[in-house]
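Peer 1: Sequence:
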Amino acid sequence: MNSKFENELRVKRVSVRKRSRDGKSSCLTPVKKKTCSPRHIREAGTYKIQLHHQDIEWREKNETTELAPDMQDKECHSDDDLFGDYDSLANESSFLAKLDDVEHNFAPACSSPYLETVKHRYANNGKAVAEVRNLEAHSDVKVKFPATEDFTVLKTVNCRDDTKPCHVGNTDSILISDLMDDFFDDLPSSQRILQQENETVTKQTSSEQSGPLNPFRGETFSVKEDEDLTGHSLNSVTHLAEPALNRRRSLKDHLKSTMTGNARAQSPQVFRAKQQKDAVVTKEINLAVKTVESTSDVDLGPFFGLPSKVKELIQKHRGIKDLYEWQRTCLTLESVQQRKNLIYSLPTSGGKTLVAEMLILRELLCRKKDALFILPYVAIVQEKVRGLASFGLELDFIIEEYAGSKGKYPPIKRRLKNSLFIATIEKGHSLVNSLIEANRLESVGLIVVDELHMLGEGSRGAILEITLAKVLFVSKTTQIIGMSATLNNVGDLQKFLKAENYSSDFRPVQLKEYVKLSDCIYEVDCKEEDCFKFSRPLSFKYSSNMKKMDPDHLIALVTEVIPMHSCLMFCPTKKNCENVAGMICKYLNKCFIQHREKEKTDLLDEIRSAGNGSICSVLKRTIPFGIAYHHSGLTNDERKLIEEAYSAGVLCLLTCTSTLAAGVNLPARRVILRSPYVATEFLKRNQYKQMVGRAGRAGIDTSGESILIIQEKDKLLAKALVSKPLENCYSNLIHDNRKGLQSLILSLIGLNISRTPAGIHEFLSCTLFSVQQEHLSSEKSLWDLTMEAVSFLTEKGLIMSTAGSHGDAVLEVTKLGRATYKGSIDLPYCDVLYSDLKRGLEGLVLDSILHLVYLVTPYDMVAHCKPDWMIYFRQFTQLTAVEQNIASMVGVPESYIAKKASGQSLKKGVDSLAVNRFYLSFVLLALLKETNVWVVADKFNLARGFVQSLLASSSAFCSCVVHFTEELEEFWAYRALFIELTKRLTYCVKAELIPLMEVAGILEARAKQLYVAGYKTLAHLANADPNLLTKTIQNMSKRQANQIVASAKMLLTEKAEALQEEVDELLTFPSDLPS
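If you're matching positions, the sequence shown starts at 120 in my numbering and goes up one per residue.
Just so you know, the hints here were simulated from the structure itself, not pulled from any lab data.
Do not take every clue at face value.
Unchecked claim - The calculated EDC-like cross-link candidates involving lysine to aspartate or glutamate, where the alpha carbons are at most 16 Å apart (straight line), are: (1) 536 to 1181; (2) 536 to 569; (3) 985 to 955; (4) 527 to 556; (5) 858 to 556.
Unchecked claim - Distance windows between CB atoms, simulated: (6) 1018 to 556: 33 to 39 Å; (7) 983 to 453: 55 to 61 Å; (8) 535 to 983: 33 to 39 Å; (9) 453 to 694: 31 to 37 Å; (10) 923 to 556: 18 to 24 Å; (11) 557 to 1174: 34 to 40 Å.
All residues carry an ideal CB built from backbone N, CA and C; glycine is no exception.
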């Protein structure tokens, strides 16, 4: 193992070289020793004569006695490391410096070789009791020994009277009192008053104490550092023997001892078991580092290059006792050991995420590098933050969430701990940009991308490709690992990422695929000519009325598994989800209500509480039967409660849309596809595999099954669906009018990655688009596309061309261009946003928050909502005079709204984007005033899920606008306003609930419960007892309580570390200080 790397990991006791007293004096150098005054010398001589006769006989017998070299090392007390010779930072008239001079003359008289020998003998043969008994024979001191079973608490030493405590070091007071008067005379007046006050407090404390007390807060002093038993016992004998020998310690030592006690008193007690466990972990991490550095794939250390504590945590928090064979193989691949980029693909539920997490932990613990985990959705990011918080606390690393409006750019540079950044695709891109700009990208040793097939999905896929291409181009030491369940053209991705590939068809639970046609079930078998092999008929008896209501036999299919097992039913639309759930409940037997009735009643109460008394009529009817729907129309609180109830088995059937297949992990015994369509589009193979992949719960079911319901007209399409290969993953850089390509080039110039057309062309040749160019854009070359994008950005005023030193063209970003890429603003809207903000400065209205809300209403949400003109007009007439003036300023006249509401034709053109955007601003304004999604949704006749989605998008966009305005000096007035508005939009609750909702996974309903129960701050949650939480908070499981407490502790730690890093940065000596 590299010795340099080993030294960085080994915890060592640092000894600082003591500065010479002969150097040039300054206010920060220790004082020089002065010659002691004659009066002090006379006092020292008198005192020496008094002690001389007591020790002369012993000295004659033991003149040659010396401590062994190993004991000399042990004699080095921790006080020496803490303070050394740095007695003072004051000038030469320092009190302690003068005291040091006098003590130098007293040193021979105050030393006692007898005490040194006692310690020496105790350390060598452990016969401390006999030696101290011998000590008693030479003096009147009676020593009370500490109990042998407890080596952590210093016991009281009784002097003569067993009922009166003896304070170690009290004999110092005789000498100190003689010296004090003289020393105080020479001190400056301010120091003299302070020292006299300290002396008074010391005398009062010594008269009041009844035992060996900690100088801090008057508490009983305990040894809280991890100490060796022998070393501690040796110190115990030292402290016990000193009064007997009348060894007078110096005031300097006395102050050092007090300061050391103060430092120790604030440190938490470390128990012996924890000490031993931490020692084992440290040892195993060192062994793991050796494994990581070695290219051998044989010696894997305790747990695949990780300490065994990781295995314990995985078993404790995940319930996983052993790894699958494919996981073992993947973790021991030569490409993984050599830190090559890797793509691995397995079916859904195969355990891909665990491998990624272990590789992340290896990077954090062994290589001491940061890691970035990119996930597709905000909900999954929050779930992962909660799930890994306990690992971060136990293994001492920081978890930082980058989702929605959360995240700091660039991240705080930590010196003592490493960070795991868990981010959405968009936030991950912004994070990488900030690290490149700060020249810190190489601090991220590993980037893991979940759902790598997202590269082929629209504008989000383009952002992901841009992120990975920048990492590959800028940092040669950052490893990239991608995983997916649905990849076909892996070869293209391997070329792009320069990665190895590992794939397997392993599933922990066998999956059986079926198709239902008419009233028969067919097994999917690609060996058959028609791909379908008859399995069985449906034997459920239907009445004539039921056949009309349920022609697809959904009730028959679900009642075969519920309520004892779980079932997911994917429906083509949100409305169909609700209708199917209601229809099934209408014909189910009433005995379904009795199954876990109390838990379902509690769930209804929680959903009603989350809606401030409101509840969906469909859920109110279906939940008693153990059925609920799941789609984007639910609020975050409702969705979370339904997911938790389904995972716990309280709900047995969810009717859901296809988005659930790509969201949180909710497996089922049976998965039913209500139709082979998503809205009006036929299913893609990738979508189908994701849906059916939810069938089979590892550790619960022995097998899972999926049933696709088809009609005769769709039989040929269904045959291709279940048998054809997965769709290829294609680059989206030229998707949506080449918006991705243009954004990439803008950021390349702004980040100084490439600033010439040739350099940009070189970068683009390293993208996935370049690998697939012949298929995606055969008519135009990569150079042509590059130059067209450069021309577009120049015309838009985002970049400009200047002459370089060699006469070639050099590209630079304008101020607007820099603000655009740093704010992650979509190119089609950057100039519109600039115009809106510029116009707002001419007459910014702060009497109402409406003007600011309008400025941060997302442009891309306008297409998802068409105004109800009657509601629009009604809300417009309720505006105050100031707010109506705002409407006129942004280009929304009242006359236009009135005519639209009355159905009149309009000749005068009005900016429809501004009008529709202002309508959404009404919704946001109502939310900020009401904070009740249900009330606002009813007021504007919108789905409550859309209202909450609008709120989340607005908070994220407001965060982007903050970064946009930071780059444009003319918009300085907006910055503080938008920062506060971002906070209000992010949580949209009463101010007292915001500290609780900062914790990942705590939504409004849960925050209210915690606040009422007395948990009102982040510190309250971080120090809460999970067992007490489960008893205090209604319907909170032990797992949820543990996750909440762990997440709160992690957030509190992250905030504290951030403040400490800021302090360290402020106190760091500037390297560029002029000499």
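Peer 1: Hints first: check each against the structure and report whether it holds.
Peer 2: Do the hints match the structure? See the list:
1. 536 to 1181: holds, 14 Å
2. 536 to 569: Not satisfied, since the Cα-Cα distance of roughly 25 Å exceeds 16 Å.
3. 985 to 955: Outside the cut-off at roughly 22 Å; violated.
4. 527 to 556: holds, 14 Å
5. 858 to 556: Outside the cut-off at roughly 22 Å; violated.
6. 1018 to 556: 33 to 39 Å: For residue 556 against residue 1018, whose Cβ atoms are near 50 Å apart, the range 33 to 39 Å is violated.
7. 983 to 453: 55 to 61 Å: Check failed, 49 Å falls outside 55 to 61 Å.
8. 535 to 983: 33 to 39 Å: violated, 46 Å
9. 453 to 694: 31 to 37 Å: violated, 53 Å
10. 923 to 556: 18 to 24 Å: Cβ of residue 923 to Cβ of residue 556: about 22 Å, so the range 18 to 24 Å holds.
11. 557 to 1174: 34 to 40 Å: Roughly 21 Å apart at Cβ, these two residues miss the hinted range, so it is violated.
Hint violations for this structure: numbers 2, 3, 5, 6, 7, 8, 9, 11, all remaining hints satisfied.
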